[in-house]
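Please model the entire structure based on the sequences and the hints provided.
Residue numbers (this note's numbering), protein chains in the order written: chain A, 1 to 386; chain B, 1 to 248.
No lab work stands behind these hints, which were simulated from the structure alone.
Any given hint could turn out to be false.
As the list claims (entries may be wrong) - One side only, chain B facing chain A, incomplete, derived with CB under 7 Å:
{"#": "1", "residue": "Lys-77"}
{"#": "2", "residue": "Ile-84"}
{"#": "3", "residue": "Ala-88"}
Stated by the list, open to error - Computed cross-link-like contacts, DSSO-like style, restricted to lysine-lysine with a CA-CA straight-line distance of at most 27 Å:
{"#": "4", "chain 1": "A", "residue 1": "Lys-296", "chain 2": "B", "residue 2": "Lys-14"}
{"#": "5", "chain 1": "A", "residue 1": "Lys-221", "chain 2": "B", "residue 2": "Lys-123"}
{"#": "6", "chain 1": "B", "residue 1": "Lys-127", "chain 2": "A", "residue 2": "Lys-11"}
{"#": "7", "chain 1": "B", "residue 1": "Lys-111", "chain 2": "A", "residue 2": "Lys-15"}
{"#": "8", "chain 1": "B", "residue 1": "Lys-131", "chain 2": "A", "residue 2": "Lys-221"}
{"#": "9", "chain 1": "B", "residue 1": "Lys-136", "chain 2": "B", "residue 2": "Lys-118"}
{"#": "10", "chain 1": "A", "residue 1": "Lys-382", "chain 2": "B", "residue 2": "Lys-63"}
{"#": "11", "chain 1": "B", "residue 1": "Lys-7", "chain 2": "B", "residue 2": "Lys-180"}
{"#": "12", "chain 1": "B", "residue 1": "Lys-142", "chain 2": "B", "residue 2": "Lys-183"}
{"#": "13", "chain 1": "A", "residue 1": "Lys-15", "chain 2": "B", "residue 2": "Lys-127"}
{"#": "14", "chain 1": "B", "residue 1": "Lys-213", "chain 2": "B", "residue 2": "Lys-71"}
{"#": "15", "chain 1": "B", "residue 1": "Lys-56", "chain 2": "A", "residue 2": "Lys-296"}
{"#": "16", "chain 1": "A", "residue 1": "Lys-11", "chain 2": "B", "residue 2": "Lys-118"}
{"#": "17", "chain 1": "A", "residue 1": "Lys-11", "chain 2": "B", "residue 2": "Lys-136"}
{"#": "18", "chain 1": "B", "residue 1": "Lys-180", "chain 2": "B", "residue 2": "Lys-63"}
{"#": "19", "chain 1": "B", "residue 1": "Lys-213", "chain 2": "A", "residue 2": "Lys-221"}
{"#": "20", "chain 1": "A", "residue 1": "Lys-15", "chain 2": "B", "residue 2": "Lys-114"}
{"#": "21", "chain 1": "A", "residue 1": "Lys-221", "chain 2": "B", "residue 2": "Lys-71"}
{"#": "22", "chain 1": "B", "residue 1": "Lys-75", "chain 2": "A", "residue 2": "Lys-221"}
{"#": "23", "chain 1": "B", "residue 1": "Lys-71", "chain 2": "A", "residue 2": "Lys-382"}
{"#": "24", "chain 1": "B", "residue 1": "Lys-142", "chain 2": "B", "residue 2": "Lys-185"}
In this text, a Cβ means the ideal position worked out from N, Cα and C, and glycines have one as well.
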Amino acid sequence: MNIPRVFALAKKELKKTIREPAVLFMIFLFPVVFVFAFGASFGGFGGGGSVTYQVGVVNLDSGSSQHASQLFINDLLSTKIVNVKVYDDNQTAQSDLSQGKIQAIVLIPSSFSNSVSSYSITPNDSSRWVNTTVPLYLDKGSLVATQAIPPIVQQVLASSTNQDRQVPQSPIQLQTASLVEVKQASSLDFIAPGMFTFASIFLIMMVAQSFVQDRENGMMKRIRISPTTPTEFMTSQVLSYMCIALIQATLVFAMTYAMGFRPVIGIPAYAFAFILVLIFSMSNVGFGLITATIAKSSGAAAGLSFLFVLPQLFLGTFVGTSLSGGAQIAGKFIPSSYVTNALTSLFLRGAAITSTTILLDLAIVSIFCAAILAVGIVLYAKYFKI
Amino acid sequence: MSESAIKMENLTKKYEDTIAVDNLNLEVEKGELFGLLGPNGAGKTTTISILCGLIKQTSGSAKIYGYDVQKEAQKVKDLIGVCIQETAIYPYLSGTENLELFGKLYGMDKKLIKERSKILLAKMGLKEDAKRVTAKYSGGMKRRLSLSLALIHDPEIAFLDEPTVAMDPQSRHAVWDFIKEQKMKGKTIILTTHYMEEAEELCDRVGIIDHGKLIALGTPKELIAKNNVKNLEEVFIELTGRNMREEL
Chain A
1 MNIPRVFALA KKELKKTIRE PAVLFMIFLF PVVFVFAFGA SFGGFGGGGS
51 VTYQVGVVNL DSGSSQHASQ LFINDLLSTK IVNVKVYDDN QTAQSDLSQG
101 KIQAIVLIPS SFSNSVSSYS ITPNDSSRWV NTTVPLYLDK GSLVATQAIP
151 PIVQQVLASS TNQDRQVPQS PIQLQTASLV EVKQASSLDF IAPGMFTFAS
201 IFLIMMVAQS FVQDRENGMM KRIRISPTTP TEFMTSQVLS YMCIALIQAT
251 LVFAMTYAMG FRPVIGIPAY AFAFILVLIF SMSNVGFGLI TATIAKSSGA
301 AAGLSFLFVL PQLFLGTFVG TSLSGGAQIA GKFIPSSYVT NALTSLFLRG
351 AAITSTTILL DLAIVSIFCA AILAVGIVLY AKYFKI
Chain B
1 MSESAIKMEN LTKKYEDTIA VDNLNLEVEK GELFGLLGPN GAGKTTTISI
51 LCGLIKQTSG SAKIYGYDVQ KEAQKVKDLI GVCIQETAIY PYLSGTENLE
101 LFGKLYGMDK KLIKERSKIL LAKMGLKEDA KRVTAKYSGG MKRRLSLSLA
151 LIHDPEIAFL DEPTVAMDPQ SRHAVWDFIK EQKMKGKTII LTTHYMEEAE
201 ELCDRVGIID HGKLIALGTP KELIAKNNVK NLEEVFIELT GRNMREEL
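Structure below.
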């Protein structure tokens, strides 16, 4: 392989990214503006402690002592992430929810205190528990609320009822649950991992358009006439787009940091996160090549690229946790979901980079991305017409 | 007898229901300036595409300096320079940057690239605009830069596919002078053009192809005399007919 040739082509691609306003916007400004707008709207500036969500509580607890339900409400208030409004009846609360005055309702059922008492008396004998379910109603029109509120309520419920989170069974169940650690976290913390994943997804469109444009204006022909080998050309493209992905991830990180995102992790974990994003960018180059193979014009390439952009975006980034069961299963076939999951474990759950979960996600992402890139290269080499 | 720079034997290219090149036999000598003429869709560009390794022939063989264009493509690529029909330049790079890039793709060192770029930009009248991004160039300037890119590595054989199309008379004459200079240096040039006066002015020999077949071959003077007409354009009309053709 002729290295100067590879670097010359990679440098050319980077110059294109910087010099073409449309490309510059899509690659760098769009993710930054998106993160800023999304973070400012739903995440808030300043990080932990900011009160963002309006949560209604309907206390129907009819136990002899309502101490447990009152403790739960007080704990919700003390999170400083939510504003709690206590309702006397469910109907009024539902009306407020439907009008967008609150973003969620926690319905404390009549058996709540009895359930907590039964657990306190015999924590290890589930046959003596009074089982109960705490319904959580969410504003389906609020994307972030559906994602951020369930884990907050779950965490508070678990701590205020003294349930050991390591024990999978307990008498009190929230209808929506998550294992995410929410203490002292803002909603920005929940969406930040998905934002990192999101940053490089639009490379799909850029790669597809770039290849089709070069084919349309004869540049691909000119390159093929030169002594440049297909391997050298593809290596240069993958290198340049990985470089772009790295810059994107840095910009998105800088933006989320400026908005208050402060993950308590070490330098190795940061390095790991960036490596993960780099590996992930290979799948986006692969999807871009597949798009370029089937697209007949650069306009068509932009449209067709959404066949891959949308699943990567909706099934695998910060949107993912509020998905239906079916969509979550579909997400298992999307590399972005594993990247987001690994980054969430890393940033929010404090998982070590050597933990099984992280390494498994890394392995799946690597296999997925290498396979998609290989398919992209093979298809493009075989079927594209000069 | 002179050595062959290009040799095609029974060269044929078939598409699904079309024969683009039909049993073509042709030799071009080293140092010769050869004009490949024909109406739209006659098979000129297909022939050049086979010779520079872009597409594979259906049957027959094509050799450049004795190297098979398919089996020894890498050696052939080092010998040839191709000015394709499209104005293929990177619009977001300057003229100099485009030349530097292709110089590197041809494995040239920095010093040589700089020297060649300077010469080519001066010859093509692009010296003043060398640092500007080519998106701001006029159509004629883009065509001249495209020709320069094809010749940055000073190839032994140049395929020039309609190099002067859409150029003003001044630019066209500048390119003619440049092509003549290349011939003086002993380079082999294959020129396709729709401008018959261009072929008559520049070419040592011309071959007229139609429907993929070679229908006439000789010097412009020989063809004019043989067909008893005034110029090459009349030879062309006489042999290919007056009906308009569409590009395939």
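Okay, the hints, checked on the actual structure:
{"no.": "1", "hint": "Lys-77", "in the structure": "holds (5 Å)"}
{"no.": "2", "hint": "Ile-84", "in the structure": "holds (5 Å)"}
{"no.": "3", "hint": "Ala-88", "in the structure": "holds (3 Å)"}
{"no.": "4", "hint": "A:Lys-296 / B:Lys-14", "in the structure": "holds (23 Å)"}
{"no.": "5", "hint": "A:Lys-221 / B:Lys-123", "in the structure": "holds (25 Å)"}
{"no.": "6", "hint": "B:Lys-127 / A:Lys-11", "in the structure": "holds (23 Å)"}
{"no.": "7", "hint": "B:Lys-111 / A:Lys-15", "in the structure": "holds (22 Å)"}
{"no.": "8", "hint": "B:Lys-131 / A:Lys-221", "in the structure": "holds (25 Å)"}
{"no.": "9", "hint": "B:Lys-136 / B:Lys-118", "in the structure": "holds (20 Å)"}
{"no.": "10", "hint": "A:Lys-382 / B:Lys-63", "in the structure": "holds (25 Å)"}
{"no.": "11", "hint": "B:Lys-7 / B:Lys-180", "in the structure": "holds (23 Å)"}
{"no.": "12", "hint": "B:Lys-142 / B:Lys-183", "in the structure": "holds (23 Å)"}
{"no.": "13", "hint": "A:Lys-15 / B:Lys-127", "in the structure": "holds (22 Å)"}
{"no.": "14", "hint": "B:Lys-213 / B:Lys-71", "in the structure": "holds (25 Å)"}
{"no.": "15", "hint": "B:Lys-56 / A:Lys-296", "in the structure": "holds (22 Å)"}
{"no.": "16", "hint": "A:Lys-11 / B:Lys-118", "in the structure": "holds (22 Å)"}
{"no.": "17", "hint": "A:Lys-11 / B:Lys-136", "in the structure": "holds (21 Å)"}
{"no.": "18", "hint": "B:Lys-180 / B:Lys-63", "in the structure": "holds (24 Å)"}
{"no.": "19", "hint": "B:Lys-213 / A:Lys-221", "in the structure": "holds (25 Å)"}
{"no.": "20", "hint": "A:Lys-15 / B:Lys-114", "in the structure": "holds (20 Å)"}
{"no.": "21", "hint": "A:Lys-221 / B:Lys-71", "in the structure": "holds (19 Å)"}
{"no.": "22", "hint": "B:Lys-75 / A:Lys-221", "in the structure": "holds (18 Å)"}
{"no.": "23", "hint": "B:Lys-71 / A:Lys-382", "in the structure": "holds (19 Å)"}
{"no.": "24", "hint": "B:Lys-142 / B:Lys-185", "in the structure": "holds (25 Å)"}
Hint compliance for this structure: every hint is met.
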